[in-house]
Amino acid sequence: MKHVYGWLLLTPAAILLIAFTHYPTVATIVDSLFSKGTAVRPSHFVGLANYEMMMDDPIFWKVLTNNTWFAIGTIPTSIVLAIIMALLVNRSLPGRSLVRMAYFTPTILPMIAVANIWLFFYTPDIGLIDQVAGFFGFGRHNWLGDPATVLPSIIVMTIWKEAGFFMIFYLAALQNIPPELEEAARLEGSTRWYYFRRVLFPLLMPTTLFVMINAVLNSFKLVDHLFVLTKGGPDNASNLLLFYIFESAFSYFDTNYAATLTVVLLGLLAVMALLQFHFLDKRIHYR
Amino acid sequence: MKTYPFLSRDFQGVLEVGAAWFLALLWVAPLAYAFWAAFHPGQYAVHFDISAPLTLANFREALSQAPFLRYGLNTFILVSTILTAQLVLCTLAAYAFARYRFFGCDIAFALVLVQLMITPEILIVENYGTLARFELIDTILGIGLPYMASAFGIFLLRQAFKSTPKELEEAARLEGCGVFGVLWRVYVPLARPTYLAYGLVSISHHWNNFLWPLIVTNSVETRPLTVGLGIFGAPESGVDWSIITAATLMSVAPLLIAFLLFQRQFVQSFMHAGIK
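Going line by line, the protein sequences match chains A and B. For the first sequence, my numbering gives the first residue as 72, with consecutive numbering after it. For the second sequence, my numbering gives the first residue as 1437, with consecutive numbering after it.
Calculated directly from the structure, the hints in this document are not laboratory data. Treat the hints with care, since some could be wrong.
In silico contact screen, one side only, chain B against chain A (beta carbon under 8 Å); selected entries [stated by the list, open to error]:
(1) F1512
(2) I1513
(3) I1560
(4) F1706
On the chain B side, residues computed to face chain A include the following (Cβ under 8 Å) [to be verified]:
(5) G1617
(6) W1620
(7) L1647
All figures in this text were calculated on a predicted structure; none of them were measured in a lab. Glycine included, C-beta positions come from ideal geometry on N, C-alpha and C.
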């Protein structure tokens, strides 16, 4: 009887999960082995030809490199800022809830709105950054139009958006650390930097791992801002893997190549999943 | 270990307060700037002058150029449809996982958790094909369908149900409650904080979601705010910048106001949902 009830309760969710997660995952892998169908030549099995094409595709390597730089550029800085914010807000402070709110607000804004606001900062000549730079005697610069500065510009914006979100996990962790520890460290005459480095930071390590994995996942899923800011340009200098998948499928209508690229993304996420399981085990030992 | 006696603890404290406030000002600056630009005439967008006249013209102009009220209604319908379906589906599934040791439940649970990693926005190509087959392209239901069975919701509620004492269930059964009676009278009321946390996270996620709705929709009747804003703000549309900012503020206003009013609940929900 319990078998029947269990499955009956699960069925509605299971149908949707299979239809929109498991089936498309398998279908993506299958589609990546077939050629792009045209009116004269229907889609047919081509083995690994799409993967060979991908290996020879300079844009694929470009977006993968960009994704790596995007992750390296955003994650460590956001985490350091998040720890600083959490430490600042965790002690008594005039206007503490206002300060905490200021840090957290970007989290609840949609990426598309954030991009709209920041677009204007980066606009050459009339944009805010150029105005301020001009005031101090620096020349104009097309921040989003220059392949050298476009990715860093997007990284700065993403840090602004994400640091406050990561802060709340550190805040939660800090609230679980007994205050006696700091008291004891002070009695021992250790400086606060020493206390942070040798006591607090190691205790925050599980949180850091948790935040880090989520941040890496986000760096692969977050492409909304590209639609407003750069469309992946100039010359793919700011293009990311998921945006390239979107372009392949809905601009170039090559769904089989898009499926091939998706398989790479799925593979990367699977690696992340394994890391996460490994880390979750660690966290349990820690307690 | 070097110490700095001249840096007294008081002085350090002042420095820290200063740093906290400086960072806070830096963090609100972009948003504060958006407010400035939206409420002042276009020529003051980069020209800061306290005496600049306030105006609502930018908002009026944005509303006349694109149907933001309709987009707002679409977003509202989308978010409430998704949340309602999620609450029902996830409650049932979580109940099954928490209280029934049914055949294959461990494998089924592992398969559910797959969705935590492979979220629907990764599988845009295949899911678009599925929707097309069911003729659900350009419908609000189509945007919501892939998100309704949420692994995250099932996971959170299962945790909450598992921590409910079994004695309460037994007592309810003695009172004559059936399978759904126990769920409705015992498990659901006790999991209220989890429902609140999950609800707030779900609402903010889907209010802000962009990529998948962009792909699925192509008409005013279905487009949510984010997509409407994305099209409106595209650089090639040539809309005045103050008007774009006004439109941006209108799109985020409902969520932003809700956040300012229920700040504590929002922060705690994100915390609660992230840590479990």
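query = With a cut-off of 8 Å, does the beta carbon of B:I1560 approach a beta carbon of chain A closely enough for the hint to hold?
reply = It holds, given that the least Cβ distance between B:I1560 and chain A is near 7 Å, below 8 Å.
ask   = Does the interface hint hold: is B:F1706 within less than 8 Å of chain A, judged Cβ to Cβ?
value = holds, 6 Å
inquiry  = Is the interface hint satisfied for B:G1617? The criterion is a beta-carbon contact with chain A at less than 8 Å.
reply    = violated, 13 Å
ask   = Per the CB criterion, is B:W1620 less than 8 Å away from chain A?
value = Where the cut-off is 8 Å and the nearest Cβ of chain A is about 13 Å from B:W1620, the hint is violated.
message = Interface hint check: B:L1647, Cβ to nearest Cβ on chain A, cutoff 8 Å. Holds or violated?
response = holds, 6 Å
message = Using the nearest Cβ pair, does B:F1512 come within less than 8 Å of chain A?
response = This hint is violated: B:F1512 lies away from chain A, its Cβ roughly 15 Å from the closest one there, beyond 8 Å.
message = Interface hint check: B:I1513, Cβ to nearest Cβ on chain A, cutoff 8 Å. Holds or violated?
response = violated, 17 Å
Going down the numbered hints, you'll see the structure goes against 1, 2, 5, 6, while the others check out.
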